[in-house]
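Undergrad: Based on the provided sequences and hints, a complete structural model is requested.
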Amino acid sequence: MVLAAPSLLAANFRCLADEVQKVEQAGADWLHLDIMDGHFVPNLSFGADVVKQLRPVSKLFFDVHLMVQEPSNFLPQFLPSGADLITVHYEACSDLHAVLAQIKAAGLKAGVSLKPKIPADVLQPYLAEIDNILIMTVEPGFGGQKFMADMLPKIAGVSKMAAERGITVEVDGGINPETAKLCVEQGAEVLVAGSAVFKNDNPAEVIRQLHSLGEK
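For the sequence shown, our numbering gives the first residue as 6, with consecutive numbering after it.
Bear in mind the hints are in silico, worked out from the structure with no lab data behind them. It cannot be assumed that every hint is accurate.
Stated by the list, open to error - When the alpha-carbon atoms are kept at most 20 Å apart in a straight line, the in silico EDC-like pairs for lysine to aspartate or glutamate are as follows:
1) Lys159 to Asp126
2) Lys27 to Glu220
3) Lys27 to Asp206
4) Lys165 to Asp126
5) Lys122 to Glu144
6) Lys120 to Glu194
7) Lys159 to Glu190
8) Lys151 to Glu183
9) Lys114 to Asp136
10) Lys57 to Asp23
11) Lys57 to Glu29
12) Lys114 to Glu144
13) Lys114 to Glu194
14) Lys64 to Glu75
15) Lys186 to Glu220
TA: So this is what it looks like as structure tokens:
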């Protein structure tokens, strides 16, 4: 099964609640929420208050992606925000074991993301603590970038590693029905799509196309 996770970064920020409800009604499975601090990535997005205010308007699985330096400093705000999964970056944590333990102790799923240049094998010591691996197929920080096809072998490698342990494999960056097909062929299960969904006049059709990639 393939899950569609529209990225809120591509939504119309003047009417976020309406945008979230729009993609939920269109058949989305998860809502991907990118949190950027302007340090780990050169951009700012939104904080825990936005997540908290959106939680009552949607039953979607909230997939919070912390693109922040030292996420342990942000967890006190985000753990009670309504997130279902919190994903942190391997390279942003001075003590990844402690961060993952903190997320799990709050009863949430814990994920780890890798920038394109970071090899997948760095995750080996943490696999027992991870529920989700998020592979970036663009350099993180801005929406609307071009998909990096050279990440496909990495997706395949992570998928093999994850399958043995029941870890979900998610991809984010330049995802549309065409690039999503390439990712699913390599084992991706969750597809983060921003512009392809939120900026399309028929988001339900895009989500249908993403779901169809998981049909045998």
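Undergrad: Hint by hint, say whether it matches the structure.
TA: Evaluated hints:
no. : hint             : in the structure
1   : Lys159 to Asp126 : 10 Å, holds
2   : Lys27 to Glu220  : 24 Å, violated
3   : Lys27 to Asp206  : 11 Å, holds
4   : Lys165 to Asp126 : 12 Å, holds
5   : Lys122 to Glu144 : 9 Å, holds
6   : Lys120 to Glu194 : 18 Å, holds
7   : Lys159 to Glu190 : 12 Å, holds
8   : Lys151 to Glu183 : 12 Å, holds
9   : Lys114 to Asp136 : 6 Å, holds
10  : Lys57 to Asp23   : 15 Å, holds
11  : Lys57 to Glu29   : 17 Å, holds
12  : Lys114 to Glu144 : 24 Å, violated
13  : Lys114 to Glu194 : 16 Å, holds
14  : Lys64 to Glu75   : 29 Å, violated
15  : Lys186 to Glu220 : 11 Å, holds
When each numbered hint is compared with the structure, violations occur for hints 2, 12, 14.
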